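Asker: Chain A is fixed; fit chain B onto it per the hints.
Protein chains: 2
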Amino acid sequence: MAPRIARAARRVRSAVRGGAGGAKRRVRLDNDERRAQLLALAKRAFADRAYDDVSIDDLAQVAGISKGLLYHYFPTKRDLYVAALTEIADELVEAVTRMHDELAPIDRVRAAIDAYLDHITRQSRAFVALMRGGIGSDPEVAAVIEGVRTQLFDKFLLGSPFATLVAGDVKFQTAIRGWIGFVEATSIDWCANPRLDRHAFRELLVEVLFQTIRVVAPGLTGT
Amino acid sequence: MAPRIARAARRVRSAVRGGAGGAKRRVRLDNDERRAQLLALAKRAFADRAYDDVSIDDLAQVAGISKGLLYHYFPTKRDLYVAALTEIADELVEAVTRMHDELAPIDRVRAAIDAYLDHITRQSRAFVALMRGGIGSDPEVAAVIEGVRTQLFDKFLLGSPFATLVAGDVKFQTAIRGWIGFVEATSIDWCANPRLDRHAFRELLVEVLFQTIRVVAPGLTGT
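First to last, the sequence lines map onto chains A and B. Using the numbering used here, the letters of the first sequence correspond one by one to residues 1 to 223. Using the numbering used here, the letters of the second sequence correspond one by one to residues 1 to 223.
Keep in mind that the hints were calculated from the coordinates and are not lab data.
Identical chains share a label here; the pair holds if one copy fits it or two copies do between them.
Capping the alpha-carbon separation at 20 Å, the derived lysine to aspartate or glutamate pairs in DMTMM-like fashion look like this:
1) LYS171 x ASP114
2) LYS171 x GLU207
3) LYS171 x ASP189
4) LYS155 x ASP189
5) LYS155 x GLU91
6) LYS67 x ASP30
7) LYS171 x ASP197
8) LYS171 x GLU203
These numbers come from a predicted model, not from an experiment.
In isolation and in its complexed conformation, chain A is listed as follows (with noise of 0.2 Å):
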């Protein structure tokens, strides 16, 4: 990181953290600045409470600054949720996709799908209340949803060893796209409801993906 980008990184922090605790003292920030402080207070806000408890008061507040100039950077309180999801969905990304290549193929498969358990983990509820729609959802945020689903399956496809071997092949991709969601379709309940420990979650999320390439590309599982 730049000095310049860590200094300011280090003062929206501070911001942030000053603001959690009662924030009389207000920060001088520049836009660039401000409006990570506020994401940074959002995203933590939508993972901590219902969308409809979440009020734009309290976060101007926490964040030191008036709603009239929370409103300037966020106008409604849809864009500042659709921002933070934006974010959160940018992070959840770039954590799942993280190339572990000194790893053999299952156990970058492992390392990826803990790196989506820690993450939804952390923004457990943003996240259930995101995919269950239930704070009603609009074509802006079923589009970041949809980016992520897509970025997912383009980083698994490309970056992944059988990259070269199933370019184009239809099935494969169908079943790699419905493995996808079935994640998301046992994760949104296990967020909401974790009835399987982890390490079993896990792995039954491992073996079913490993069973469905298995169907689609008998050779590549060996067997």
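Answerer: Just chain B, lined up with the frame of chain A:
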């Protein structure tokens, strides 16, 4: 069907058909019949056109009633949409869960998937728009979708030959819920862009189900 209901159903069908052809003639229907007629027209409209392109004016005209009377039954377009959607969902659940006790388990699964694919093919546009959230979903719409999943899940488990074996088995339940997510994800894509032929797609869904069951309950699939 009782004769009175059968007569009413004929009148509704005739009103819907007559309407679709231009409908100068006004048909007197009682409340339930009128509601059923409007729902039938709405289902067809939302299946044929995007939500935003469905006009309440047109629907009222085709039904041969005033816009005001239509709003008496369904105060907003969204209400009409949710009602039509609920009917589509009920029909889906009914078709998919129709029991074929005479068939072997694997053929029962095939029959259920066939019924599902028939249904979503007929409602293709409405199905895709709905599931992708492209029309802007809300808690009511989300509840309808979640209701379909839960009913399919319950019927699948209760109606399956494994019902008693897997009662209370969290891993098995998670796997079935995941497979429903698999079917949903792939069939939305398939409706929008059927790159696999229908037979190949159905067999993929069947095989992935059996492999998934094999992961969580090896004894049931004889492996």
